Amino acid sequence: MKYAPFFGCMMTTKYPQFEAAVRKTAAKIGMELVDIDGFTCCPDPIYFQARDKIEWYTVAARNISLVEDTGLDIITTCSGCTATLSEVNIHLKEDAELRELVNKKLKKIGREFKGTIDVRHAVTVLRDDFGYDKVAETVVNPLKGLKVAVHYGCHLLKPSHIMRVDDPDHPTILQNLLKAIGAEPVPHDKNLLCCGRACMNSQIPDNMVIDIIESIQKSKADCMGLICPTCFDEFDMGQIIRGRKYKKQLDVPVIYYFQMLGIAQGLTPHEVGLDMHKIKAVQLFDKLAAAS
Amino acid sequence: MNKPKVKPGAKKHTLNFLFREKLNNTAEGFRHNYCYQCGACVADCPTAMYSNDFNPRLIILKTLLGFEDELIRPDSVIWNCTNCYTCSERCPQEVRPIDVIIAMKNICVDENKAPELIRKVSDTVLVDGITTKVTSLTERRRKELGLAPVKSYPVDEVNKILEVD
Numbered sequence: 001m002k003y004a005p006f007f008g009c010m011m012t013t014k015y016p017q018f019e020a021a022v023r024k025t026a027a028k029i030g031m032e033l034v035d036i037d038g039f040t041c042c043p044d045p046i047y048f049q050a051r052d053k054i055e056w057y058t059v060a061a062r063n064i065s066l067v068e069d070t071g072l073d074i075i076t077t078c079s080g081c082t083a084t085l086s087e088v089n090i091h092l093k094e095d096a097e098l099r100e101l102v103n104k105k106l107k108k109i110g111r112e113f114k115g116t117i118d119v120r121h122a123v124t125v126l127r128d129d130f131g132y133d134k135v136a137e138t139v140v141n142p143l144k145g146l147k148v149a150v151h152y153g154c155h156l157l158k159p160s161h162i163m164r165v166d167d168p169d170h171p172t173i174l175q176n177l178l179k180a181i182g183a184e185p186v187p188h189d190k191n192l193l194c195c196g197r198a199c200m201n202s203q204i205p206d207n208m209v210i211d212i213i214e215s216i217q218k219s220k221a222d223c224m225g226l227i228c229p230t231c232f233d234e235f236d237m238g239q240i241i242r243g244r245k246y247k248k249q250l251d252v253p254v255i256y257y258f259q260m261l262g263i264a265q266g267l268t269p270h271e272v273g274l275d276m277h278k279i280k281a282v283q284l285f286d287k288l289a290a291a292s
Numbered sequence: 001m002n003k004p005k006v007k008p009g010a011k012k013h014t015l016n017f018l019f020r021e022k023l024n025n026t027a028e029g030f031r032h033n034y035c036y037q038c039g040a041c042v043a044d045c046p047t048a049m050y051s052n053d054f055n056p057r058l059i060i061l062k063t064l065l066g067f068e069d070e071l072i073r074p075d076s077v078i079w080n081c082t083n084c085y086t087c088s089e090r091c092p093q094e095v096r097p098i099d100v101i102i103a104m105k106n107i108c109v110d111e112n113k114a115p116e117l118i119r120k121v122s123d124t125v126l127v128d129g130i131t132t133k134v135t136s137l138t139e140r141r142r143k144e145l146g147l148a149p150v151k152s153y154p155v156d157e158v159n160k161i162l163e164v165d
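Residue numbers (the numbering used here), protein chains in the order written: chain A, 1 to 292; chain B, 1 to 165.
Keep in mind that the hints were calculated from the coordinates and are not lab data.
What you are looking at is a predicted structure, and each value in this text was computed from that prediction instead of being measured.
There could be a bad hint or two in this list.
[Unchecked claim] Calculated lysine-lysine pairs in the DSBU-like style (CA-CA distance at most 30 Å, straight line):
#, chain 1, residue 1, chain 2, residue 2
1, B, K120, A, K108
2, B, K160, A, K108
3, A, K278, B, K120
4, B, K151, A, K107
5, A, K245, B, K133
6, A, K24, B, K151
7, B, K133, A, K24
8, B, K160, A, K114
9, A, K107, B, K120
10, A, K108, B, K143
11, A, K28, B, K151
12, A, K114, A, K104
13, B, K22, A, K104
14, B, K143, A, K2
15, B, K120, A, K28
16, B, K120, A, K245
17, A, K278, B, K160
18, A, K287, B, K143
19, A, K107, B, K160
Extracted from the complex, chain A is given alone in its bound form (with noise of 0.2 Å):
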């Protein structure tokens, strides 16, 4: 089945490791990659769109309808990305008032958004166009023995009139997947914490991210799974900072999904890029091979 990957800028420029993971293992499950030339940012839910609303849904639509001319899904592998993208595609299709005002403006580049697509997660697709068991009949080395504790992330799931992709107060898909792979997912009390990476006041995400990692290392887990760039920046260089600024032991490896979902499937660490990352995950990896 074919595709439109959307990697947006943090996986393209920032954390090209997750780009990597991600169409290393695609191919695997049978999901087809084809790229799509001319993107720019989504552009971001957070910065952008407190700029302006309507220029937010300009941009995002004109993204969006260089995909509808190939009649492919989008798939996004950022909550960032799937939360414009998603909310700008929904928007639109559902008003034709406001549909009608921003393809006046993608006329002036001969561009129009049609409404004739839609805007998935890559996890979403793994799960529903594929199944958790053709994920694990891709698996060549099963994590046995890595415990994760799942960082939902706030835009897979939520808002979930718009996202519609698990319940956004009991979500399973995440688990799910990890288990396919044979790793262990730990529950923890604030897997659904947001990693405030958008608030003014440092001291909020701070504090967040202190709590977030110290209630992961209370589950015994062995590292924080997940599956958005922006929180990984929380949560890898972010343990570093707020270690050094609060004087905590603050530790805690954090792998996106698809880097575990390739060691599984017989990747080396180095070849999903987990050396890259500020906490060295490669070490728990080792430890498995010798335990196996």
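Got chain A sorted already, so can you dock chain B onto it with the hints?
Frame of chain A; chain B shown alone:
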């Protein structure tokens, strides 16, 4: 007739309905009118949990009363919203406090009353096409991972569709 007692020197407050009109004319801002102050948005709001001066119910009440000067400014509490959408999940009235907050942020930017960072970050989309930077580290890592180099971004098109009519 009993006149209500007003302390001498106390500040007089009047309702500012003009602000509500302004909100009604901003995308999604009209939703504040639906609020019946139940407070369902408060308990699970992460910013409310982590800060004493952030309460989505009170923010919406202040929009209803027209506390424009307090809400529309660079150090307004609205800038501490995490954008998590939990209030939107809880709201039984489809106020979706976050959407009203975003509408107020749009008003702040429009009136030059937003934190500088908002323009600074969002302007990069018009200049570079993206909000992050392509650095030598980006290129080195992409090569190491077997990824194609970053392509150029069609900045001209973005600027064209954002031209004011």
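Against the structure, the hints come out as follows:
{"no.": "1", "hint": "B:K120 x A:K108", "in the structure": "26 Å, holds"}
{"no.": "2", "hint": "B:K160 x A:K108", "in the structure": "7 Å, holds"}
{"no.": "3", "hint": "A:K278 x B:K120", "in the structure": "27 Å, holds"}
{"no.": "4", "hint": "B:K151 x A:K107", "in the structure": "24 Å, holds"}
{"no.": "5", "hint": "A:K245 x B:K133", "in the structure": "26 Å, holds"}
{"no.": "6", "hint": "A:K24 x B:K151", "in the structure": "20 Å, holds"}
{"no.": "7", "hint": "B:K133 x A:K24", "in the structure": "24 Å, holds"}
{"no.": "8", "hint": "B:K160 x A:K114", "in the structure": "20 Å, holds"}
{"no.": "9", "hint": "A:K107 x B:K120", "in the structure": "27 Å, holds"}
{"no.": "10", "hint": "A:K108 x B:K143", "in the structure": "36 Å, violated"}
{"no.": "11", "hint": "A:K28 x B:K151", "in the structure": "26 Å, holds"}
{"no.": "12", "hint": "A:K114 x A:K104", "in the structure": "12 Å, holds"}
{"no.": "13", "hint": "B:K22 x A:K104", "in the structure": "24 Å, holds"}
{"no.": "14", "hint": "B:K143 x A:K2", "in the structure": "25 Å, holds"}
{"no.": "15", "hint": "B:K120 x A:K28", "in the structure": "41 Å, violated"}
{"no.": "16", "hint": "B:K120 x A:K245", "in the structure": "26 Å, holds"}
{"no.": "17", "hint": "A:K278 x B:K160", "in the structure": "40 Å, violated"}
{"no.": "18", "hint": "A:K287 x B:K143", "in the structure": "28 Å, holds"}
{"no.": "19", "hint": "A:K107 x B:K160", "in the structure": "10 Å, holds"}
The structure fails to meet hints 10, 15 and 17 from the earlier list, while all remaining hints are met.
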